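Participant: Just need the whole structure built from these sequences, with the hints factored in.
The sequence shown finishes on residue 376 if you use this note's numbering, and the numbering steps up by one all the way, no holes.
No lab work stands behind these hints, which were simulated from the structure alone.
Be aware that a few hints might be false.
Restraint-style ranges between C-beta atoms, simulated for each label pair [as the list claims (entries may be wrong)]:
id: 1; residue 1: Lys119; residue 2: Lys269; range: 28 to 34 Å
id: 2; residue 1: Gln159; residue 2: Asn128; range: 48 to 54 Å
id: 3; residue 1: Glu292; residue 2: Glu120; range: 46 to 52 Å
id: 4; residue 1: Gly255; residue 2: Asn149; range: 42 to 48 Å
id: 5; residue 1: His284; residue 2: Gly112; range: 42 to 48 Å
Straight-line C-alpha distance at most 27 Å; calculated DSSO-like pairs for lysine-lysine [to be verified]:
id: 6; residue 1: Lys270; residue 2: Lys75
id: 7; residue 1: Lys234; residue 2: Lys211
id: 8; residue 1: Lys122; residue 2: Lys110
id: 9; residue 1: Lys269; residue 2: Lys279
id: 10; residue 1: Lys279; residue 2: Lys211
id: 11; residue 1: Lys211; residue 2: Lys126
id: 12; residue 1: Lys211; residue 2: Lys288
id: 13; residue 1: Lys288; residue 2: Lys276
id: 14; residue 1: Lys91; residue 2: Lys119
id: 15; residue 1: Lys266; residue 2: Lys126
id: 16; residue 1: Lys266; residue 2: Lys288
id: 17; residue 1: Lys119; residue 2: Lys75
Note that this is a predicted model, so its numbers are computed, not measured.
For each residue, glycine too, the CB sits at the ideal point set by N, CA and C.
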Amino acid sequence: MNVERFEKYEWTIDSDHAGERIDKFLVEQFAEWSRSQIQQWIKEGHVTVNEKEVKANYKVNEEDEIVVKIPPQKDLEIEPENIPLDIVYQDQDVVVINKPRGLVVHPAPGHYSGTLVNALLYHIKDLSGINGVLRPGIVHRIDKDTSGLIMVAKNDLAHESLARQLKDHIVHRVYVALVHGNIPHDLGTVDAPIGRDPKDRKKMAVVHKNSKHAVTHFIVKERFEGYTLIECKLETGRTHQIRVHMQYIGHPLVGDPLYGPKRTLNIDGQALHAKVLGFEHPRTGEYLEFDSELPEDMDRLLEQLRTKH
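Facilitator: What follows is the structure in structure tokens.
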């Protein structure tokens, strides 16, 4: 039996949003979807308020329970593309890829080619189908301009295991980042909830309403004049987590186009690399860990800073 898989999202309306039109509220929550697309979902009954269908002009009330079920994409072919991949590890269940900076992980509306998924469809015979046609095999993602290790599931058994490990915080993920300013202490933890930025729906921010628990641990690896190299360990995996948390404590990432200063070092995108990835093999239970070298552009920046130092 072929069961359609809907992506489900839920919110409880707080006093800040009471009185807003529901289509406007949802546009703020979904950076990647247009207002017309959201209005179409409302019309088709994919949006409910307190378990009842509403119209796009419905004005939400405090404590309203909003549920959105995004329908699966239909009649959409994602084409395999011969994009080179740095495959670090592969077996019958799992693939580990070292993703270059600049490569989008999965297709999104208006952007259906040139992604990691297009490359995976070309190079890998089997991929899990749990996340549907747009994201086959994708268990987690890293931002377009973040480089480094990402794990991919080749079947549904592997996908469910890896997704559970991510949810249970079993996956070991270490990132290396170059940030603005000198962090005076050698280690620290940022424990601050992250949600959509109410002033800019394309950004995330530390907010206390409509947010999720987020924890980042960091260790200082090297200090330069005006910059600090850190290693970050993720306890949770929120969108833009390291980027938002480091901006929040006054040390935004070098090159970050969304959260960093305009005047920064010469690098195309944020200086952030997913260096270490460790997880339990979904079939054998064996712990696997992978380590990757920093990309050339980050290495070059560090050499320049060391020369100045």
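Participant: May I ask which of the numbered hints given earlier this structure violates, with the numbers listed in increasing order?
Facilitator: 3, 11, 13, 16
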